[in-house]
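J.: Those protein sequences? They're chains A and B, same order as listed. For the first sequence, counting from 1, position 154 maps to 804 in my numbering; every step adds exactly one. For the second sequence, counting from 1, position 121 maps to 771 in my numbering; every step adds exactly one.
Honestly, I wouldn't trust all of these hints.
Since copy identity is lost for identical chains, a pair holds within one copy or between any two.
Said to hold, decoys possible - Using 35 Å as the maximum straight-line C-alpha spacing, the simulated DSBU-like pairs for lysine-lysine come out as follows:
1) 668 - 802
2) 800 - 781
3) 783 - 717
4) 668 - 653
5) 802 - 781
6) 653 - 748
7) 783 - 684
8) 684 - 781
9) 717 - 653
10) 805 - 717
11) 805 - 783
Calculated directly from the structure, the hints in this document are not laboratory data. Just so you know, these numbers come straight off a predicted model, no measurement behind them.
Here are the chains, one letter per residue:
Protein chains: 2
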Amino acid sequence: MNKNHEVFMRRAIELARKGVEANNGGPFGAVVVKDGEIIGEGWNKVTSTNDPTAHAEIIAIRDACTKLNSFQLDGCEIYSSCEPCPMCLGAIYWSRPKALYIAGNREDAADAGFDDRFIYDEIGLDHEDQKLKIQTILREEAQEVFAIWKEKEDKIEY
Amino acid sequence: MNKNHEVFMRRAIELARKGVEANNGGPFGAVVVKDGEIIGEGWNKVTSTNDPTAHAEIIAIRDACTKLNSFQLDGCEIYSSCEPCPMCLGAIYWSRPKALYIAGNREDAADAGFDDRFIYDEIGLDHEDQKLKIQTILREEAQEVFAIWKEKEDKIEY
C-alpha cells in the first residue's frame, strides 16, 4: 500500500473530526488529490449552511474543480472518510476521477444515524416502489428540449 | 391532474430550454414549489461554472433551502424537466420533499448523450464490479469519528 494513501485518508478523517468539533454538520471529510498534492478539501456543512447538498465530497469536488478551472477531475483521486452516499457517488462519477478511496462504509453511516443505506436501497427501486412519490407528466414537452440539444452545434458536452 | 402541475413543469422545461440557449450547460431545469408558489429554481450550469455538481435540481434545492432558511424541504414538491440522475435523486432524498414530478427520463437523457443511466447501473453494483476503482483503507480510524459523533450531545441531526 502506497504510504501517501494513508496520509491523504488521515487528512480526510481529520477534516471529518474537525467538522464535528466545530458543529458544522455530520462526521464526514474528503480530499481530492492530483499528482501527489491535495487540490480540494471538504467536510460536511449541511446543518451549518442550510444546504442538504453540502456533503464533504461535493464541497471537495467543487473546490478542486475551481482550482483546476475544469468540470472534470482528470487524473485525480478522491479520499473520503466514509463511503459516499448516492448523491456524492453520483457527483464522483460525473467528475470522472481515476480512483476513489474510502474508510468507513454505508453500514457505519447507518449505525451513526445517517440515511446513506436507505437512499441506496430506494434509488435502486422502480419509481412506483420508492418511498418518495414520483410521477411523470409532460414527457413530450421535455423531449423537445432534448431535440434542441441534440441539434445544437456549439454545445459543450460533459 | 392538477392544472398547476403543468404550470410548474412547464416552468422547469422553460428553464431547461433557456439554459441550452444561453450555453450554460445541459438541457435540464427544475423548480421547487411550496404552498402553490415557486420558491427555488435551477438549470444546468456544469460547463459554464466548471462545477460537475451544478445540475438543475441541486441548484433549485439550494435556492429553496436558502429561502426557507432550512436544510429540509418540508411540504415541498420538486418539478424536474428530466428524471434526476443518482446525484440529484440522492439530494432530493436528503432534502425530503413530499413529492417529485418528472417529465423526461433516464432513457431520454442517455439518448441525448448523458451518463444518467450508466451511473444508475454502476452505483447499484458492488464496489469491485464498478468501472470506478474503489478501495477501502483505514476503516477503524474513520469509525473513531463516528463514535465521537454518536456521543456528541449538542449534535444537529439531519
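J.: Each hint needs a verdict: does it hold in this structure or not?
T.: Cross-check of the supplied hints:
| no. | hint | result |
| --- | --- | --- |
| 1 | 668 - 802 | between (46 Å within a copy, 13 Å between copies) |
| 2 | 800 - 781 | both (34 Å within a copy, 27 Å between copies) |
| 3 | 783 - 717 | between (39 Å within a copy, 23 Å between copies) |
| 4 | 668 - 653 | within (23 Å within a copy, 49 Å between copies) |
| 5 | 802 - 781 | between (37 Å within a copy, 30 Å between copies) |
| 6 | 653 - 748 | within (18 Å within a copy, 47 Å between copies) |
| 7 | 783 - 684 | between (41 Å within a copy, 16 Å between copies) |
| 8 | 684 - 781 | between (39 Å within a copy, 20 Å between copies) |
| 9 | 717 - 653 | within (25 Å within a copy, 45 Å between copies) |
| 10 | 805 - 717 | both (23 Å within a copy, 32 Å between copies) |
| 11 | 805 - 783 | both (33 Å within a copy, 30 Å between copies) |
Consistency with the previously given hints is maintained throughout, with no hint failing.
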